[in-house]
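**Q** Here are the chains, one letter per residue:
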Amino acid sequence: MLMQRHLWNFFWGICVLIALVLIVRVWNLRLLYIDKAVREQVRTTIEVVAGREGWLISDISLRAVQNTGVMIHHRQHMRGSDPRECYFIAFETLNRSPCIP
Amino acid sequence: MLARILSIIGLQGFAVLTAMLHQHLGVHTDEAKYLLNIPYPHPPLLRWIMGLSDGWQHQELFWRILFASFIAHGVWLVADMVRTFSREQRLTIVGLWLFSGALLLQSGTLMMSCITAVQALFLLWMLSRPKFLRKWSVIVAALWIEMLFTAYQGILFAPLVWIALQRSDLGFWKRMFSFFTPIALLLLYTLGNPLAIAAMGFVGSMQSGVSLEQSILSVLKIWMIGGSIVLSVLGIFGMVRSRNIPLILTTVLLTAYILLSSRGYYAILFTPVLIAGITSQPKFLRSSSILAAHIVAGIALFFYVPFSTRSAAPTVAAALERVHSEGTVLISGDFGHDWQYELRRPVRRYKKEFLEDASAVVCIAPCTEIDARSWRQVPQVGAEVWVRTGR
Chain E
23 MLMQRHLWNF FWGICVLIAL VLIVRVWNLR LLYIDKAVRE QVRTTIEVVA GREGWLISDI
83 SLRAVQNTGV MIHHRQHMRG SDPRECYFIA FETLNRSPCI P
Chain U
474 MLARILSIIG LQGFAVLTAM LHQHLGVHTD EAKYLLNIPY PHPPLLRWIM GLSDGWQHQE
534 LFWRILFASF IAHGVWLVAD MVRTFSREQR LTIVGLWLFS GALLLQSGTL MMSCITAVQA
594 LFLLWMLSRP KFLRKWSVIV AALWIEMLFT AYQGILFAPL VWIALQRSDL GFWKRMFSFF
654 TPIALLLLYT LGNPLAIAAM GFVGSMQSGV SLEQSILSVL KIWMIGGSIV LSVLGIFGMV
714 RSRNIPLILT TVLLTAYILL SSRGYYAILF TPVLIAGITS QPKFLRSSSI LAAHIVAGIA
774 LFFYVPFSTR SAAPTVAAAL ERVHSEGTVL ISGDFGHDWQ YELRRPVRRY KKEFLEDASA
834 VVCIAPCTEI DARSWRQVPQ VGAEVWVRTG R
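Each protein sequence line maps, in turn, to chains E and U.
Each residue of the first sequence is one higher than the one before, starting from 23 at the first, in our numbering.
Each residue of the second sequence is one higher than the one before, starting from 474 at the first, in our numbering.
Some clues are possibly wrong.
[Claimed, not checked] Derived DEER-like restraints, expressed as beta-carbon distance ranges:
1) E/I56 - U/L490: 25 to 33 Å
2) U/I689 - E/P120: 48 to 56 Å
3) U/G682 - E/N117: 35 to 43 Å
4) U/F653 - E/E107: 21 to 29 Å
5) E/W49 - U/A773: 39 to 47 Å
6) E/E107 - U/A773: 33 to 41 Å
7) U/K825 - E/N117: 40 to 48 Å
8) U/R640 - E/G35: 20 to 28 Å
9) E/L39 - U/K694: 26 to 34 Å
10) U/K604 - E/K58: 20 to 28 Å
11) U/T557 - E/V43: 39 to 47 Å
12) E/W49 - U/D642: 34 to 42 Å
No wet-lab data here; the hints were simulated from the structure.
Don't be surprised by glycine CBs; every beta carbon is placed ideally from N, CA and C.
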């Protein structure tokens, strides 16, 4: 019984940890879901920048969405260590500036 | 004891052989996604673990053997599900598992559906062990979150998880939280990875041009492969005859899912539910002719259903290695993730502006403006490949 109780506590602890990590992530992306105009801007920005840089969409992950732009991680998936970069891309200019990953 | 040891060796030999067969066929784009931990479409649990090993030289073979071993050694769970039956019946159901078309075709592949099928089989085994289930209901909860975070299709087995939790000794609220919390976490994960949603939408749109008749035929074909026709029919008969509502619901969900997104590799998802279906009809397991027909159908399907064609990526990668080309590769046209996997270097979509910084170009679609003075073509590699002269 004690073993099962410990395992259940461990299970709920894992769930809480996962929830906290994911809630922070979703919070940073909330504009994507609540503002249709921002959603469209993000979509266009990602497509344009990926095309311009020759990036694969699957190598891009959204980190945060703001009214002025979007923060992305670009990770080139390959065998061994993957080169990673973080960029903030402004909606207006579509220029990318480095950010701290 | 000796028989058991020989069985283990035989099953492991089967796993290694099928792994080597699929290694010969090469890594496919979906498999490369998991080996490289590319973050869509599936949740991260298993692909993250697999991605940790992407620097190993034998990563692909290692995981193929491991996946195939899980599938092959599923026989021990299957045999235990009918532990009260006669030896002949147990051998029959083991044969039904091993010679299902889906198993023969997919053992050795690196698809998440294989792992989901094994997870579902484990869940069905727990349902066949009521005392164990009541005592160790935490395993059901852990398995549920593991299934959902391995692949989205894990949600299709929700009816089985629901009934497993209902049969545990948990209180009402604990059962509810155990069932709904992993689903809520999966939803949160999906919202935190919007490109996964976009990828699902894209795959769904590919199906929109397919007629209902074609979709139904695809589902039928996949269902027949899942149980080598014989088990496909008897499994459904068994679950309907025994009024096993969770199994029936799971089968309905699987069917609906495959109707919307029919892929051959979903066939193995049917196999564990069909096995569970037939366990309620012991008389079928006494008939050697049923097993014989199943084996013949399974082998026929293995030779009839075509395997995917080998990509040009490994050949191109080997050619670039021979000419000592290093650095970024530009690829023109549509290409799969197997190119990222095989090339072992940064890959970008071809644009003329990137030529200056690239060391090689692969032209799956025609390339424009490659200067023959600076670039030379690599012959006989199954694709149009250019490398810089002097490199």
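**Q** Would you mind marking each hint as holding or not holding in the structure?
**A** Results of checking the hints against the structure:
Look at E/I56 against U/L490: about 53 Å separates their beta carbons, and that is not inside 25 to 33 Å. One distance hint, 48 to 56 Å for the beta-carbon pair U/I689 and E/P120, holds here, with the actual separation near 52 Å. For U/G682 and E/N117, the Cβ-Cβ distance of about 38 Å falls inside the hinted range of 35 to 43 Å, so the restraint holds. With their beta carbons about 38 Å apart, U/F653 and E/E107 fall outside the hinted range of 21 to 29 Å.
At about 54 Å, the CB distance of E/W49 to U/A773 disagrees with the hint of 39 to 47 Å. A C-beta distance of roughly 51 Å is found between E/E107 and U/A773, which places it outside the suggested range of 33 to 41 Å. In this structure the supplied range 40 to 48 Å is violated for U/K825 paired with E/N117, their Cβ-Cβ distance being about 21 Å. In this structure the supplied range 20 to 28 Å holds for U/R640 paired with E/G35, their Cβ-Cβ distance being about 25 Å.
Range check, E/L39 to U/K694: about 43 Å between beta-carbon atoms, so the 26 to 34 Å window is missed. For the hinted restraint 20 to 28 Å between U/K604 and E/K58, the CB-CB distance of approximately 54 Å leaves it violated. Between U/T557 and E/V43 the Cβ separation comes to about 45 Å, which falls inside the hinted range of 39 to 47 Å. About 37 Å separates the C-beta atoms of E/W49 and U/D642, a value consistent with the hinted range of 34 to 42 Å.
Hints 1, 4, 5, 6, 7, 9, 10 from the list above are not met by this structure, while the remaining hints are.
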